[in-house]
Amino acid sequence: MQIFPRSSNAISKASIVGVIVIVATLFWFLMQLQGSPYVTWQGVRKAQPIPFSHQHHVTGLGIDCRYCHTSVETSSFAGIPPTKTCMNCHSQIWTNAQMLEPVRASYRSGESIQWTRVNQLPDFVYFNHSIHIVKGIGCNDCHGPVDQMPLMYQAGSLQMQWCLDCHRDPEKHIRPRDQVFNMRYEQPSSSAPVQIDGVSYSDQESLGAALTKKYQLRTVQDITSCNTCHR
Amino acid sequence: MADHLKQSAVVERAPVIEPGHSFATVTDKISSIVLTRPTTNGWIFGFAVSFLATMMMLFALGVLFLKGVGIWGINIPIGWGFAIVNFVWWIGIGHAGTLISAILLLLRQSWRNSINRFAEAMTLFAVACAGVFPGVHTGRPWLDYWMFPYPNTMNYWPQFRSPLIWDVFAVSTYFTVSLLFWFIGLIPDFGTLRDRAHNKYAQMIYGLLSMGWRGSARHWARYEMAYLLLAGLATPLVLSVHTVVSFDFAVGIVPGWHTTIFPPYFVAGAIYSGFAMVLMLAIPIRKIYNLEDFITDRHLQNSAKVMLATGWIVAYGYAIEAFTGWYGGNRYDAGLLYNRLHGPYAFWYYMLLLCNIGIPQLLWFRKMRTHPVFLFLISFVILVGMWLERFVIIVISLTRDFVPSSFGMYYPTKWDWMTYIGTIGMFLTAMFLFVRILPMISIFEIRQLLPEAKVEGKH
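Protein sequence lines correspond, in order, to chains A and B. Following the working numbering from start to finish, the first sequence increments by one per residue and tops out at 231. Following the working numbering from start to finish, the second sequence increments by one per residue and tops out at 459.
Quick caveat, the hints were computed from the structure, so don't treat them as lab data. No experiment lies behind these values; they were computed from the predicted model shown. Virtual Cβ for every residue (Gly too), placed ideally from N, Cα, C. One or more of the hints may lead you astray.
Unchecked claim - Between beta-carbon pairs, the in silico distance windows are: (1) A/D197 with B/V403: 17 to 23 Å; (2) B/T36 with A/Y38: 52 to 58 Å; (3) B/S405 with A/E205: 50 to 56 Å; (4) B/G135 with A/D169: 34 to 40 Å; (5) B/R214 with A/G18: 49 to 55 Å; (6) A/D169 with B/A309: 39 to 45 Å; (7) B/T413 with A/D169: 27 to 33 Å; (8) B/A309 with A/Q221: 46 to 52 Å; (9) A/G18 with B/L228: 25 to 31 Å; (10) A/K13 with B/I313: 44 to 50 Å; (11) A/S75 with B/V403: 35 to 41 Å; (12) B/R222 with A/T219: 38 to 44 Å; (13) B/S32 with A/K13: 54 to 60 Å; (14) B/W326 with A/S130: 35 to 41 Å.
What the hints assert, rightly or not - Incomplete in silico selection of chain B near chain A, CB under 10 Å: (15) S31; (16) M154; (17) F160; (18) L164; (19) R194; (20) Q203; (21) G207; (22) M211; (23) G212; (24) R214; (25) A217; (26) H219; (27) W220; (28) K305; (29) L308.
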């Protein structure tokens, strides 16, 4: 005695394939969502109390990163400049600009400007700026073309795979120390070689190998060990 | 003379199925339990109590999720407490079901036909109960999916060198294969229930589950092949799953864990406790549902003999552990032996020896093997003993390891007990539902045992 019509045979067979397709699609969708800016905030220009333009100050005026982010070479934290740093110039220029009123208010009251943090790592990650600088990792390797950002955004996904892409193969990213703050640095090519200690390198492969040795980078095994970042 | 001896041997063995049954009476008797027998007050009471215990477990787990594993009695140096004791205990219990359904099938032990269905159900429910503990003991159970290898944004795989990951695969494979095996075995019986049900919804549900079973010769041929293949797949799992569970300990260097005898000794212990659980379920079930015709003294005897045999393998394991501690010359192993015999948990070690080696020796007597009440009690004692075995292995080893400054004690809290008793409730809840809505004895496999089924071919 059959309860169901003959056509249910086809439905049940299709459902086998259907379940696989649906589960796979769901999984794919979740993977895409997890990598999307909805989760990572990558590329999202967050609103700031003052629409500070890195593009204007770096490309337009030629100010070095370290003028404001003073502790980047010596500390884990690059440093957010105090209002006084702004006022070094803005007590002289654009003194009446409406846009800069929050800066002047902060200067008068002594209250810090509440910037919205853009590049935020989770608290269970130990990260240190100075070691990256001293080993020849450029600012824009992680922060992207900051000199072309009218409003700051996060360039990388800051997910663990993004960290590991470099930690598993640092030679592809390392550059001479004096080029770390050069936002327009390009990796060596035959037309534009890089000179180190009198030797000319025309490709990143040989330069990376030489710098790894010169700057005494720890082994890949060391810098991909769990407790390098999760202490 | 020889004929006479043969005759008496046959007479002495109880039959697998009592005489006087036909295809129709077998089908009637088993399917009526599900389809026409009214729900008794006893069933409702038992179900309610088990269900309450399940709710207690969920409450304890809810508190655990809110507050963390600190509510349990574990603390360094005892990172593994009740959770792992109970996990190993439950997963071991499950092993008897697979042994009965797969290995005894391949060995053509026809007596298995009347107990394989609920033994397999027992396996599934026991593995489900076991699965609760590793799932919640991780501290952050909402990240449990990290245990599975899947492409992720961390660009990391689980640590494949860790036996804990082997455990994930062993247990999930075991559950999947057991579920498939159980379900495939149920399909012909689902067909029977569909045909005999009068309730429209029952017909729909059983019809859906029977997957269009018509009982044609082709269906049977394919069914037999699929069942045999799955039995072949399940057979190595009987040995492999508890072997991998034992690696959780044996791969570690803690004294009392780091021994090569663990895999066989764990597997034997698993089957030991599993048959005890089978008997603890079979004895009341056959009484309540008047199934003495199908679950005969033969089944009780055979199960008791399996327990006696595996019990001695376990005893051998204890003896070798003690011998190695004494003879091996390793001061930490010797210290462990001393702690088992004279340490703070020595009482429980002696209880373990009493429950697992002492009392089960009563099974040498035929009267004990066929007396349901005594057999029930001995099975209970064995289950307690096997639980104590895991407690002794985990807690005594962890409380006293290498450095005296890191010695500690372990006291389970009420949350430990609520979770443990709760899983027993969950197990019984599932069993109560199972006997009420599914045929607890395989109808068609019992029919194969009848004289009617043995049709003489004409050559």
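Report the numbers of all earlier hints that the structure fails to satisfy, in ascending order. 1, 5, 6, 7, 12, 13, 14, 15, 17, 18, 25, 26, 27, 28, 29
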